[in-house]
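Using the sequences and the accompanying hints, generate a full structural model.
Each chain is listed here by its residues.
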Amino acid sequence: MRKTIAISSGAMALCLLVTPALAEPDEDQLVINGDLEMITEADAPDHLEYISTIYSGWRFRTDDTQAFQMDDFDNPAMLTVDKAADAYSTVEGDAGESCASCHGDVESFAGLGATMPKVDEETGKLVVMEDLINECRTERMQADAWTWSGQDMQGMVAHIGLQSRGMPVNVAIDGPAEPFWQQGKDMYYTRFGQLELSCANCHEDNYGNMIRADHLSQGQTNGFPVYRLKQAKLISRHNRFRGCIRDTRAETFAEGSDEFRALELYVQSRGNGLSVETPAVRQ
Amino acid sequence: MAEGVKPRVKVPKTASAGEAVTIKTLISHQMESGQRKDGDGNVIPRSIINRFVVDFNGQNVIDVTLEPAISTNPYFEFEAIVPESGEFTFTWYDDDGSVYEDKQTVDVS
Chain A
1 MRKTIAISSG
11 AMALCLLVTP
21 ALAEPDEDQL
31 VINGDLEMIT
41 EADAPDHLEY
51 ISTIYSGWRF
61 RTDDTQAFQM
71 DDFDNPAMLT
81 VDKAADAYST
91 VEGDAGESCA
101 SCHGDVESFA
111 GLGATMPKVD
121 EETGKLVVME
131 DLINECRTER
141 MQADAWTWSG
151 QDMQGMVAHI
161 GLQSRGMPVN
171 VAIDGPAEPF
181 WQQGKDMYYT
191 RFGQLELSCA
201 NCHEDNYGNM
211 IRADHLSQGQ
221 TNGFPVYRLK
231 QAKLISRHNR
241 FRGCIRDTRA
251 ETFAEGSDEF
261 RALELYVQSR
271 GNGLSVETPA
281 VRQ
Chain B
1 MAEGVKPRVK
11 VPKTASAGEA
21 VTIKTLISHQ
31 MESGQRKDGD
41 GNVIPRSIIN
51 RFVVDFNGQN
61 VIDVTLEPAI
71 STNPYFEFEA
81 IVPESGEFTF
91 TWYDDDGSVY
101 EDKQTVDVS
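Protein sequence lines, in the order shown, are assigned to chains A and B. If you're matching positions, the first sequence starts at 1 in full-length UniProt numbering and goes up one per residue. If you're matching positions, the second sequence starts at 1 in full-length UniProt numbering and goes up one per residue.
Possibly wrong hints are sitting among the right ones.
As the list claims (entries may be wrong) - Simulated pairs of lysine to aspartate or glutamate, DMTMM-like, Cα-Cα distance not exceeding 25 Å:
| # | chain 1 | residue 1 | chain 2 | residue 2 |
| --- | --- | --- | --- | --- |
| 1 | B | Lys103 | A | Asp74 |
| 2 | A | Lys83 | B | Asp96 |
| 3 | B | Lys10 | A | Asp86 |
| 4 | A | Lys230 | B | Glu77 |
| 5 | B | Lys10 | A | Asp72 |
| 6 | A | Lys233 | B | Glu32 |
| 7 | A | Lys185 | A | Asp120 |
| 8 | B | Lys10 | A | Asp74 |
| 9 | B | Lys6 | B | Glu84 |
| 10 | B | Lys103 | A | Asp71 |
| 11 | B | Lys24 | A | Asp120 |
| 12 | A | Lys230 | A | Glu24 |
| 13 | B | Lys6 | A | Asp86 |
Quick caveat, the hints were computed from the structure, so don't treat them as lab data.
Right, dumping it as structure tokens:
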């Protein structure tokens, strides 16, 4: 009898030790360069049925990784962004134009990153930032298109997105965007692959828990393109989607496919209310 | 010839006399070690930053010898005591003979 009590209290002590560890996002405050306060926790947008509070992925990372993003000097993504700033004003292509020839100062893009993706009024198609950049390059500059996840492309996406840093994500999900948003939502809740996992299984049902060595976040995209320490470069949203679906042992969709555009709109809309963190730093 | 080299430094604009201030420096540089080979099997020649010097009002603060094992974009962070207002000069020496410089002033109140 005595032994049983000892064992059960031992087991209880073990439970107490194990369960609270890393079960939640931490309480840290993200302030960039000492003065730019970011919203990393907000009430969930109305369309979310199963989550009441949304958290930036930053809140799920270790203190060391978090520190990289708190000072632009320490943020390794800024090296790529600096190169993109040079490319922004460099003339390329047969038309003899640079980004700056039409758009002027890059600050004119303030706010755009917070509202992408959106539906193009003329074509009725859902477009993401990469589409806008490549359209300008091929149509207006008559230069070669950039590859989706290349560092030229993602550097420019981050450079333009940086102009909206600190603004709340606010993508439209009604009107012409509604069918794309619904398509993305259906994908989010569809189980893929041999492991039969949907996005929601990890990022909605189990955020805050550990999946082996990884502390699961809500899978918010408000910081993309992010600098991933694992790959030591800027990672696009579609690259990350691809990685997740691959990890379910499924055939993935291609970067730049219409499926991923729709998923990008839906996942971004789950972060409506969080600050744009582009370019963020993650594990 | 190294390409895309750009020095960056971060120094507080103001300090109090005798305060130890934190200085961060980074230079974007590929730091080619001279150990690697290209697709055809030819050795890619060494091309690194081999020396980094920081002075304050003419007085040396640090003087670092860099070796080929140091990775791309070498980053140095250190503390320096500033006794008076003055100017930090940062100098990087490249294998190809290029010298990159940056200057930052600190006001001591």
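Return the numbers of the hints above that this structure violates; sort them in rising order.
9, 11
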